[in-house]
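K.L.:
So you can see what is in the structure, the chains are spelled out below.
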Amino acid sequence: MTPERHLRASLVLVAVFMASGLWLEAMVGLRAEGWLDDPLRREFLRLGHAHGGLLGLLNLALAWALERLATPPSWAGKIRLAAWTGALLVGAGFMLGGMLHGPTDPGLPILVVPAGAMILLASLAATALVRPSDGPPGPES
Amino acid sequence: MPLRPGLLLFGPALAWVVAAGLGLAWTAGDSRAWTAIDRHGVAVVGSSTCSECHPDAWQSWHASWHRTMTQRPVPGGGLSVELAVAPEPGELLAPFAGETFDYLGFRATMDRGASGAPRIRVKSDSGVGETLLDVEVALTVGSHRYQQYVGEIDGVLWRLPVAWHRGEARWIHMNGAFVEPEGESGSLVDYQRHLSRWNDNCIFCHNTEPVPGLQDSGQFQSAVGELGIACEACHGPAAAHVERHRNPLRRMLAGRDLGDGSITHPGRLDAGRESAICGRCHGQRIARDIATVMAHGDGFVAGDDLAEVSRPIFADSTIGTEPMPFAMRFWPDGTPRLSAYEYQALLLSPCHDSGAGLGCNHCHDMHGDQPKGQIRAGRSGAGACIDCHDLDSDHGGHRGVESVDCLDCHMPEITYGLLEGMVSHRITSPDPGALVGRHDQPDACTQCHVDRSRRWAAESMAGLGLLGSPAGLPEDPLEQRGSRVLLDLHGGDPIQRNLAAHALAQPDASGSLELRMAWLADALEDEYPSVRWFAWRGLRALAEAASQAELVRTLAEFDYLAPIEARVEVIGRIHLQLGTPVNPNQLFDDLSEARAETAIWIGE
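Residue numbers (my numbering), protein chains in the order written: chain E, 1 to 141; chain D, 1001 to 1604.
Hints listed in this document are in silico derivations from the structure and should not be mistaken for laboratory results.
Only a predicted model underlies this, so the values are computations on that prediction, with no experimental measurement involved.
Here a beta-carbon is modelled for each residue, glycine too, at the ideal position from N, C-alpha and C.
Possibly wrong hints are sitting among the right ones.
Here are the simulated distance ranges between beta carbons [claimed, not checked]:
id, chain 1, residue 1, chain 2, residue 2, range
1, D, Ala1084, E, Met18, 47 to 57 Å
2, E, Arg31, D, Trp1065, 47 to 57 Å
3, D, Asp1353, E, Met99, 31 to 41 Å
4, D, Asp1394, E, Ala15, 54 to 64 Å
5, D, Asp1333, E, Met99, 50 to 60 Å
6, E, Ala15, D, His1040, 36 to 46 Å
7, D, His1040, E, Pro103, 23 to 33 Å
8, E, Met99, D, Ala1356, 28 to 38 Å
9, D, Thr1035, E, Met99, 28 to 38 Å
10, E, Ala15, D, Ser1354, 56 to 66 Å
11, D, Gly1463, E, Met99, 21 to 31 Å
Here's a subset of chain E near chain D, in silico, CB distances under 10 Å, partners left out [what the hints assert, rightly or not]:
id, residue
12, Glu4
13, Leu36
14, Pro39
15, Leu40
16, Gly77
17, Lys78
18, Leu96
19, Met99
20, Gly102
21, Ala117
22, Ile119
23, Ala125
24, Ala128
Now the stretches of chain D that chain E is said to cover, found in silico as 3 or more residues with beta-carbon under 8 Å [to be verified]:
id, stretch
25, 1131-1138
26, 1528-1539
Chain E on its own, in the form it takes in the complex:
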């Protein structure tokens, strides 16, 4: 993933999950059934909204950090893809898990949240640990 594409995709991620906040607010205002009367769904939609938005912002910070730290392109491209995918999985996993929940627990999509979190953590660790000398110079993938 190129730096430019990462920046644009991260801004889209922030925009989408921030916009979902408008949707949640509208459901409160409209007293929507299946929302106000469903605490489990409400909790997980809120978690998705908050995590997706914040992790989108984290991606913007990561994009800046990768430039500042001169992470080798062979790593940087994959870190960008991983960080963005991780943020998407966490935010969407919470939301879909809440929308498709069972009697007491979120639905199966919640299982992608740990996967997304692992990818994100790995991205952050790699950004922190990989040095400019750790990879051969070359075009970013």
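Assemble chain D onto chain E, guided by the hints.
P.N.:
Just chain D now, with coordinates in the frame of chain E:
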């Protein structure tokens, strides 16, 4: 070996996804996670365990009267009953601050013992004689209408003779809550008529997983899963359910309709089985094997066939050699006329259709937001019927009359229980013509048209385009002499009199307030306390509606459980204020004399 960025970044997540997928597949295919489990004889885990995963359901149950069916006012040791689940502190409705209550020449004093535990003491000779009872309250029973108190005497629990009436915030004697003659002043037998044993009576329908524990020696070793009607009374023992659902993958798959044989979900049972869960308590029954039930409980687990452990009591049910001992609890057509027979009434209803039609769950919701009656949202009034019946036509001829809905005609208030008039749960169509000339059963029409005769009701049916027995009606001289409800009020048996007084007090009943108040004032003289209660409460409601402040004040001095001399004095003043004679008319005299033949005695 060079580091591979893709593997490091995505590898752990991919491993997690593979592991989770395998776990899901294994759990979904593991029969131990889904198959039915025999839960008979399994101990309950308690409602607090259920609350961990089902907080909303727990909250709605916690707000219900089911929870407070039995409470322990002072938790701790000293109770002879074995409890599988430690109770939370119960709510005591009565003050127990030294109140006294005199009845039949005995004085009950309600205060607290040295330990602070609530206590009830009874002395003879209006409180100056010997102490007949001095016992701490071990358990409370009920809390919606009135709260009864249970004390332990020599290792056995007994329901004590006085109770706290919630609506009136006063003490009452239990004789006043049952439909039976008052008893003689000074008679200890009459005073202690309802000093009944908890271990083999109240335990059943007021607790979860009750076991009376009657021993061969005649002693009791009673045990209760959880005090009150808690989660597992309707869902069955939940230990296996809890164990299975420790697996989070199992919980996630729970909503995918793979079945769950570790718990009963009443809403997923057919109407027959679902209603049987309620019928276990809301339908008086006779055990198939009484000795086993008294020793070990009935063994019923929610979802079982109730008929395997008991048979519901109907009018023609027998026990022992006594012929039809329960007939008094039913109207002549077999409709139950007491509460706690709702299950039988449902079974008799065509809408139930032998379990293929509607069940309790159709109108009631144990986890709704309405504790009173626990009516399902949208299922009150006409809402109860519109799923199956088209109400577009001008059915019943009462369209436009806001106060009339389906239930008024098809589930009239012809059931007595707990000092209240209640709807009949036998869903029927009114047919006053079939009852003309009979004086043993109320009809839906005249329960609202209280100033009208049954003949008028029968003749009006055709005018409204309704089917009913033809008006080729036998002449009955008594029928000519007054409204149907008035005939019941003066000449019916005590349950008819209770319900007649209840009908007269309804805000939307026909007839002038003055007329209804005069009739109710006559009923204040009734020899049955429950009739006097209905008459007094109804008269008070009508006096308030008529803004007769002085009469309301006088009525406040009337105590339906007071000695007759005290009552007569107040009744005289009430009649004076109403401008009615104390001895009303020949009809009253004629019917009152015949009333001795209608004496009934319905206790436990």
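K.L.:
Against each hint, give a clear statement of whether it holds in the structure.
P.N.:
Against the structure, the hints:
Remark: the range hint 47 to 57 Å for D/Ala1084 to E/Met18 is upheld by a beta-carbon distance near 51 Å. A C-beta distance of roughly 29 Å is found between E/Arg31 and D/Trp1065, which places it outside the suggested range of 47 to 57 Å. Checked against the hint of 31 to 41 Å, the C-beta distance between D/Asp1353 and E/Met99 comes to roughly 38 Å, which is consistent with it. D/Asp1394 and E/Ala15 have their C-beta atoms about 57 Å apart, which keeps the hinted 54 to 64 Å range intact.
Under the hint 50 to 60 Å, the C-beta atoms of D/Asp1333 and E/Met99, about 53 Å apart, fit the expected range. At roughly 58 Å, the beta carbons of E/Ala15 and D/His1040 sit outside the given window of 36 to 46 Å. Taking the beta carbon of each, D/His1040 and E/Pro103 are about 24 Å apart, inside 23 to 33 Å as hinted. Here the CB-CB span from E/Met99 to D/Ala1356 is close to 35 Å, well matched to the stated 28 to 38 Å.
With their beta carbons about 30 Å apart, D/Thr1035 and E/Met99 fall inside the hinted range of 28 to 38 Å. Distance hint check: the CB atoms of E/Ala15 and D/Ser1354 are about 60 Å apart, consistent with the given range 56 to 66 Å. At about 56 Å, the beta-carbon gap between D/Gly1463 and E/Met99 misses the expected band of 21 to 31 Å. Using the Cβ-Cβ criterion of 10 Å, the hint placing E/Glu4 at the interface with chain D is not satisfied: the shortest such distance is roughly 20 Å.
Nearest Cβ of chain D to the Cβ of E/Leu36: about 12 Å, over the 10 Å cut. The hint is violated. Taken as an interface hint, E/Pro39 checks out: its beta carbon lies about 7 Å from the nearest beta carbon of chain D, inside 10 Å. Look at E/Leu40: its Cβ gets to within about 9 Å of chain D, closer than 10 Å, so that hint holds up. Hint status for E/Gly77 relative to chain D: holds, with the closest Cβ pair at about 9 Å, below 10 Å.
About 4 Å separates the beta-carbon of E/Lys78 from the nearest beta-carbon of chain D, less than 10 Å, and the hint is met. Taking 10 Å as the C-beta contact cut-off toward chain D, the hint placing E/Leu96 at the interface is violated, the least distance being around 12 Å. For E/Met99, the suggested interface contact is broken, since its CB lies about 12 Å from the closest CB of chain D, more than 10 Å. This hint holds: E/Gly102 has a C-beta 3 Å from the nearest C-beta of chain D, less than the 10 Å allowed.
With a least beta-carbon distance of about 8 Å to chain D, the hint placing E/Ala117 at the interface is held under the 10 Å criterion. At its closest, the beta carbon of E/Ile119 sits 5 Å from a beta carbon of chain D; the interface hint therefore holds under the 10 Å criterion. Against a cut-off of 10 Å between C-beta atoms, the interface hint on E/Ala125 holds, since the closest Cβ of chain D lies about 9 Å away. Annotation: E/Ala128 was flagged as interfacial toward chain D, and the flag is violated, the nearest CB pair being 13 Å apart, outside 10 Å.
Residue count for the stretch 1131-1138 of chain D with a Cβ under 8 Å from a Cβ of chain E: 0. That is fewer than the three needed, and the coverage hint is violated. Counting residues of the stretch 1528-1539 of chain D whose C-beta lies closer than 8 Å to any C-beta of chain E gives 0; at least three are required, and the coverage claim is violated.
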